[in-house]
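Protein sequences, first through last, are from chains Z and R.
Numbering of the first sequence is given in our numbering, commencing with residue 234 and proceeding in unit increments.
Numbering of the second sequence is given in our numbering, commencing with residue 2 and proceeding in unit increments.
Rather than coming from a laboratory, the hints here were simulated on the basis of the structure.
Certain hints may be false.
[To be verified] Below, simulated SDA-like cross-link-like pairs (lysine to any residue); rule was C-alpha separation at most 25 Å, straight line:
| hint | chain 1 | residue 1 | chain 2 | residue 2 |
| --- | --- | --- | --- | --- |
| 1 | Z | K543 | Z | E576 |
| 2 | Z | K580 | R | K44 |
| 3 | Z | K694 | R | Y444 |
| 4 | R | K439 | Z | K584 |
| 5 | Z | K390 | R | A22 |
| 6 | Z | K390 | R | S106 |
| 7 | Z | K490 | R | V395 |
| 8 | Z | K395 | R | V110 |
| 9 | R | K81 | R | A51 |
| 10 | Z | K539 | Z | V392 |
| 11 | Z | K512 | R | A184 |
| 12 | R | K189 | Z | A505 |
| 13 | Z | K694 | R | K97 |
| 14 | Z | K396 | R | P93 |
| 15 | Z | K543 | Z | T573 |
| 16 | R | K88 | Z | N350 |
| 17 | R | K85 | Z | L410 |
| 18 | R | K88 | Z | L627 |
| 19 | R | K386 | Z | R331 |
| 20 | R | K44 | R | S89 |
| 21 | R | K430 | Z | Y778 |
| 22 | Z | K734 | Z | P757 |
| 23 | Z | K490 | R | D19 |
| 24 | Z | K584 | R | A452 |
| 25 | R | K430 | Z | V392 |
| 26 | Z | K694 | R | T47 |
| 27 | Z | K687 | R | V110 |
| 28 | R | K290 | R | K97 |
| 29 | Z | K768 | R | K462 |
| 30 | R | K316 | R | T305 |
| 31 | Z | K693 | R | W90 |
| 32 | Z | K694 | R | D19 |
| 33 | R | K211 | Z | R504 |
| 34 | R | K28 | Z | T573 |
| 35 | Z | K591 | Z | L627 |
| 36 | R | K85 | Z | Q452 |
| 37 | R | K430 | R | I84 |
| 38 | Z | K694 | R | D279 |
Bear in mind that the values here come from a model prediction, so they are computed numbers and not experimental data.
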Amino acid sequence: MTFTYILLISSQVLKCIACGDLVGWVPSMSFIDRRIYGVCLCNYISMTKLARGTRKLEERNQTNAVRRLCNITMEAMSEIAEATLRELRETFRSGRTRSVAWRKTQLSALRELIRDNEEKIFEGLYQDLGKHPIEAYRDEVGVLIKSINYALSNLDKWVATKKGKLPLLLFPARGELVPEPLGVVLIFASWNYPISLALEPVIGAIAAGNTVVLKPSDQSPACSSIIAKTIPQYMDPKAIRIIEGGAQISEILLQHKWDKIFFTGSPQVGRAVMTAAAKHLTPVTLELGGKCPVILDSLSNPSDLKVAIKRIVSGKWGPCSGQACIGVDYMLVEEKFAPTVIELLKKTIKKFYTESPKDANCIARIVNKKHFQRVQNLLKEPLVEASIVHGGSLDEEKLFIEPIVLLNPPLDSAIMNEEIFGPLLPVITLKNIQESIEFINTRPKPLTIYAFTKDENFKKKILSETSSGGVTFNDVLIQFICDTLPFGGVGSSGFGRYHGKFSFDTFSHEKAVFQGGFFPELEPRYPPWNNFKMKFIRLAYDLDYFGLVLLLLGLKRY
Amino acid sequence: MAAKSGFDGEAAAALVKDLRASFASSKTRSYQWRVSQLKALLKLATDHEAEIVDALSSDLSKPEFETIVYEIGMLKSACKLAIKQLKSWMKPETAKTSMTTFPSSAEIVSEPLGVILIISAWNYPFLLSLDPVVGAIAAGNAVVLKPSELAPATSSLLAKLLGEYMDSSSVRVVEGAVAETSALLEQKWDKICYTGNGRVGRIVMASAAKHLTPVLLELGGKCPVVVDSGINLQVASRRIIAGKWGCNNGQACVSPDHIITTKEFATKLVDALKSELDNFYGKNPLQSKDLSRIVNSNHYDRLTKLLDEDKISGKVIHGGERDKNNLRIAPTILLDVPQDSLIMQEEIFGPLLPIITVDKIEDSFDLITSGTKPLAAYLFTNNQKLKDHFVGNVSAGGLLINDTTLHLAVPTLPFGGVGESGMGAYHGKFSFEAFSHKKAVVYRGFFGDAAVRYPPYTKGKLTLMKALVGGSLLGIIRALFGWSEA
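Based on the sequences and whatever the hints tell you, model everything.
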């Protein structure tokens with residue numbers, strides 16, 4: 234009975250919202266149980282559709298209805314968030330997610346989900362970002378499968394208790410480090426890798442035995458809805474939940490207490506997330522971005538240079554058309570070397586993306602109009618526009634920007650101070666490539682520094698004198714797929730790290746466990762204090778066992 | 002070196018600027034600098050033992066023994082360990098690389114974060130100030146230390162001694178209270194380490210959020226002690242007493258806050274505790290030289306308020322004597338206090354020890370897990386099953402079985418909280434890591450460039466990519482020859 238009722242109402246809501254006709258329906262809202270409305274929202278419609286409906290109402294000047302709808306929606310979403318959190322907490326308390334078997338089943342299920350829905354994911358990524366299936370496989374599907382495989386084959390090792398060596402004095406006590414799950418974790422994903430940046434942290438959270446709420450980005454709606462639809466089919470619905478939506482739902486989620494928040498996105502939102510987390514003393518991992526430089530030393534061997542340029546081009550335009558946190562942001566080269574580099578860049582771009590990149594289907598598009606305009610604005614400064622040496626065609630309708638290379642745009646321009654996050658590559662020339670260290674150090678710490686050089690001293694200097702999330706020599710992006718390396722920023726590029734075992738650690742608390750017996754008893758630990766006890770403790774701290782024996786035998790003065 | 006009055010935002014900004022310049026000069030990164038500073042710290046603690054004992058005696062009437070053991074002794078062993086192991090800590094870790102990225106090599110390099118702010122607490126004003134400094138220096142950072150104004154003698158001694166012994170271009174002390182701390186918190190730091198309570202912890206983290214600064218929060222919580230029957234009662238009660246009253250008279254973040262035991266065992270336990278308390282502190286504990294006093298009258302009033310609540314009058318079964326003039330409260334045991342009493346709602350942080358009774362000892366775990374996560378939880382038992390259950394289900398910063406507070410002295414165990422008891426951990430190598438950034442470094446040559454990575458994209462490339470990701474050698478060969486599986 235109730236079920237039919239829910240279905241009836243939900244289909245009505247869906248219909249009304251889809252066509253933007255809420256006027257007739259909203260006034261009757263008070264008669265409807267808001268919980269049911271919440272269920273409808275959660276299960277049948279996405280917030281984006283709701284937003285579209287709201288916009289249509291706004292266009293018709295029905296502000297009261299809009300306000301009312303918004304209020305009711307927010308209330309319902311609040312309730313959903315609360316109910317979800319309650320349920321996940323209960324699941325966590327039941328202890329089910331702590332079992333290694335459960336974790337493995339969930340990870341395998343996730344792998345199956347990805348394999349079964351590969352085509353759908355490719356489609357979703359094409360819809361949201363125009364990603365070619367190869368790029369989609371390389372950066373999203375493949376990366377995830379690799380990570381799940383790695384987690385599955387190492388999980389037993391990760392969950393194992395580690396020994397903490399104790400001093401002989403405490404014999405026969407044992408010290409241990411026991412990793413334990415944190416509880417209910419909240420993951421915010423971003424739109425540029427809407428599948429991999431959403432599910433990669435989920436792998437870590439599950440491997441560590443937590444329950445999870447994942448909020449995919451609403452700016453990549455197709456992928457968001459694929460995740461929301463498939464996850465409940467494959468994974469434990471009482472432990473892993475997807476909540477779709479935009480900034481409003483994020484705000485609601487952030488009001489609640491979580492045991493960990495994992496955020497991928499921009500520094501501005503990162504600050505808001507951390508501020509909200511502070512209220513509940515919730516630890517956070519912030520995966521932000523920054524301007525990742527590539528230093529190109531004057532390579533003397535032409536074939537090395539060719540390889541370097543190929544890699545740089547693929548590091549700029551390959552990952553989601555430059556919309557990637559570890560994508561190359563700008564390039565540093567020596568003045569005299571610049572003309573050669575520019576020529577090679579042009580040649581390689583043509584080779585990879587043909588004379589007409591728009592039709593080559595090998596570069597992703599800009600995610601949406603807002604970002605398109607942002608990137609477009611970077612180019613609008615006259616001095617910046619004048620520095621373009623390659624490309625420059627923008628197609629607002631298709632949201633496509635072809636590869637653009639700029640030579641020495643002014644250093645105080647927006648393009649050299651904001652993270653570009655788009656297909657523009659400024660090339661900055663320096664008198665001497667060694668100056669690149671100072672150039673980088675006067676700017677916020679980037680997520681990655683790329684450097685192409687054969688000069689070992691220069692490598693050492695880069696390593697020890699600059700600071701960044703990571704450094705990759707003579708290649709781009711590959712640090713992202715090394716499970717043995719921590720991935721994460723420092724300073725304005727974020728803090729905390731994940732991938733492989735580090736993901737597991739990020740979502741675990743390493744509990745110190747000390748197991749002692751009742752025997753033997755060290756008398757000098759207890760008051761009343763006297764000189765003998767003082768001497769004993771002094772020797773104990775120095776771990777001077779010989780002295781201790783003498784003292785106990787009465788052969789040492791105190 | 003110490004800035005005292007008139008330390009405002011401007012002064013704080015200037016201070017940070019100085020230290021940033023010093024850090025930028027790379028001086029603090031060198032192994033020599035780090036070791037020289039650690040040795041200076043060790044020398045400071047060795048040379049001035051008497052002065053430190055005096056300062057703590059003035060701030061807290063802390064017994065000399067406690068100061069030497071817990072404050073000076075632990076700091077010295079932290080310094081010695083760091084000096085001994087620094088080389089190995091600083092060494093880059095090699096990381097294995099995968100077939101997909103062959104040929105390449107990778108390592109994880111520990112690098113200093115930059116300029117660190119350490120805000121310390123009053124209860125172990127020497128150790129809790131300098132122990133994090135050891136980690137920050139070992140990791141190669143510049144440091145500002147703000148000792149607690151509630152332990153003024155130690156605070157000014159630290160300012161004086163650090164000024165004399167340490168490299169003042171990179172290690173500074175700022176003395177002060179709320180205004181000075183706020184001025185410091187406005188600045189951008191590369192890490193903030195705060196020891197104290199959850200309320201201020203929230204403020205610290207919120208101000209850190211403005212600059213995206215990571216934080217290490219060492220907070221407290223109500224650390225429970227679960228006592229099972231069938232144990233060596235004398236040893237257990239002595240260890241509980243050593244952790245409770247022997248640690249700054251209960252004013253320690255890892256001190257046992259309350260005991261949970263079974264109804265039938267409670268009386269036996271109380272008897273044992275009483276008789277050992279007499280052995281340790283005599284018949285008149287208010288006069289004992291082996292107990293610290295309450296830090297100040299605010300805290301004295303807070304504690305007496307807990308004791309004077311109507312709900313728990315009549316629950317005091319041992320102690321309860323107090324001396325307002327000398328800020329002393331005798332070791333006090335309360336039996337069967339209700340869960341909704343004030344004393345069970347907040348961290349006690351003083352010499353009061355309530356005992357909660359349950360029907361079955363297993364019930365105690367539910368009691369613990371239903372509350373916020375404590376910094377430490379203790380269990381006394383000989384029952385292996387109970388131990389396993391405890392380790393598997395009770396979440397706390399650290400767990401000790403058959404002892405109290407001892408994990409603090411073990412540098413191979415991380416010391417830190419979880420949930421309400423804080424985030425991040427330190428001690429031993431964990432201190433070094435708490436103040437380091439783990440930089441991922443990949444080395445590649447120009448050789449071994451696979452066309453599969455680059456556009457234009459083809460079907461064959463996808464197959465090869467799948468094989469590479471799958472890591473199956475056969476698959477890769479098949480794909481290279483164009484024998485697709487699909």
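Each hint tested on the structure:
A distance of roughly 12 Å separates the Cα atoms of Z:K543 and Z:E576; the hinted pair therefore holds under the 25 Å criterion. Restraint check for Z:K580 and R:K44: the C-alpha separation of about 64 Å exceeds 25 Å, so the hint is violated. Restraint check: the Cα-Cα separation between Z:K694 and R:Y444 comes to about 14 Å, which is no more than 25 Å; the hinted pair holds. Among the hinted pairs, R:K439 with Z:K584 is inconsistent with the structure: their alpha-carbon atoms are about 38 Å apart, more than 25 Å.
About 44 Å separates the Cα atoms of Z:K390 and R:A22, which puts this hinted pair outside 25 Å; it is violated. A C-alpha spacing of about 23 Å is found between Z:K390 and R:S106, which places the hinted pair at or below 25 Å, so the restraint holds. At most 25 Å may separate the alpha-carbon atoms for a hinted pair to count; Z:K490 and R:V395 meet this at roughly 19 Å. Proximity of Z:K395 to R:V110 is assessed by CA-CA distance (about 23 Å); at most 25 Å being required, the pair is judged to hold.
Simply put, R:K81 and R:A51 have alpha-carbon atoms about 20 Å apart, close enough for the 25 Å limit, and the pair holds. A distance of roughly 45 Å separates the Cα atoms of Z:K539 and Z:V392; the hinted pair therefore is violated under the 25 Å criterion. Distance check on the hinted pair: Z:K512 and R:A184 sit about 21 Å apart at the alpha-carbon level, within 25 Å; holds. At most 25 Å may separate the alpha-carbon atoms for a hinted pair to count; R:K189 and Z:A505 meet this at roughly 16 Å.
With a C-alpha separation of about 23 Å, the suggested pair Z:K694 and R:K97 falls inside the 25 Å cut-off, and the hint holds. Distance restraint check for Z:K396 and R:P93: the Cα-Cα separation of roughly 22 Å lies within the 25 Å cut-off, and the hinted pair is therefore satisfied. The hinted pair formed by Z:K543 and Z:T573 meets the criterion: a straight-line CA distance of about 14 Å does not exceed 25 Å. Between R:K88 and Z:N350 the alpha-carbon distance is near 50 Å, which puts this suggested pair outside the 25 Å criterion.
A hinted pair counts as satisfied when its Cα atoms are at most 25 Å apart, and R:K85 with Z:L410 qualifies at roughly 23 Å. Our distance criterion of 25 Å between C-alpha atoms is broken by R:K88 and Z:L627, whose separation comes to about 54 Å. Straight-line distance between C-alpha atoms of R:K386 and Z:R331 comes to about 18 Å, which keeps the hinted pair within the 25 Å bound. A threshold of 25 Å between alpha carbons decides the hint, and for R:K44 with R:S89 the separation of about 23 Å falls inside it, so the pair holds.
For the proposed pair R:K430 and Z:Y778, the alpha carbon gap of about 24 Å is at most 25 Å, so the pair holds. Under the criterion of a C-alpha separation no larger than 25 Å, the hint pairing Z:K734 with Z:P757 is inconsistent with the structure, at around 42 Å. Restraint check for Z:K490 and R:D19: the C-alpha separation of about 39 Å exceeds 25 Å, so the hint is violated. Between the alpha carbons of Z:K584 and R:A452 the distance comes to roughly 12 Å, so the proposed pair stays at or under 25 Å and holds.
Among the hinted pairs, R:K430 with Z:V392 is consistent with the structure: their alpha-carbon atoms are about 21 Å apart, no more than 25 Å. Simply put, Z:K694 and R:T47 have alpha-carbon atoms about 38 Å apart, too far for the 25 Å limit, and the pair is violated. Of the pairs offered as hints, the one joining Z:K687 and R:V110 holds, with about 20 Å between alpha carbons and a cut-off of 25 Å not exceeded. The straight-line distance between the Cα atoms of R:K290 and R:K97 is roughly 58 Å, outside the 25 Å bound, and the hint therefore fails.
Of the supplied pair hints, the one linking Z:K768 and R:K462 is violated, its CA atoms being roughly 72 Å apart against a limit of 25 Å. About 14 Å separates the Cα atoms of R:K316 and R:T305, which keeps this hinted pair within 25 Å; it holds. This hinted pair checks out: Z:K693 and R:W90 have alpha carbons roughly 19 Å apart, not beyond 25 Å. Taken as a hint, the Z:K694 and R:D19 pair is honoured in the structure, with Cα atoms around 24 Å apart against an allowance of 25 Å.
Of the supplied pair hints, the one linking R:K211 and Z:R504 holds, its CA atoms being roughly 6 Å apart against a limit of 25 Å. Distance hint between R:K28 and Z:T573 is unfulfilled; the C-alpha atoms sit about 38 Å from each other, more than 25 Å. Straight-line distance between C-alpha atoms of Z:K591 and Z:L627 comes to about 9 Å, which keeps the hinted pair within the 25 Å bound. Taken as a hint, the R:K85 and Z:Q452 pair is broken in the structure, with Cα atoms around 52 Å apart against an allowance of 25 Å.
For the suggested pair R:K430 and R:I84, the alpha carbons sit about 11 Å apart, so the restraint of at most 25 Å is met. Between Z:K694 and R:D279, the direct Cα distance comes to roughly 64 Å. Violation of the 25 Å bound is thereby established for this hinted pair.
Hint compliance for this structure: hints 2, 4, 5, 10, 16, 18, 22, 23, 26, 28, 29, 34, 36 and 38 are not met, and every other hint is.
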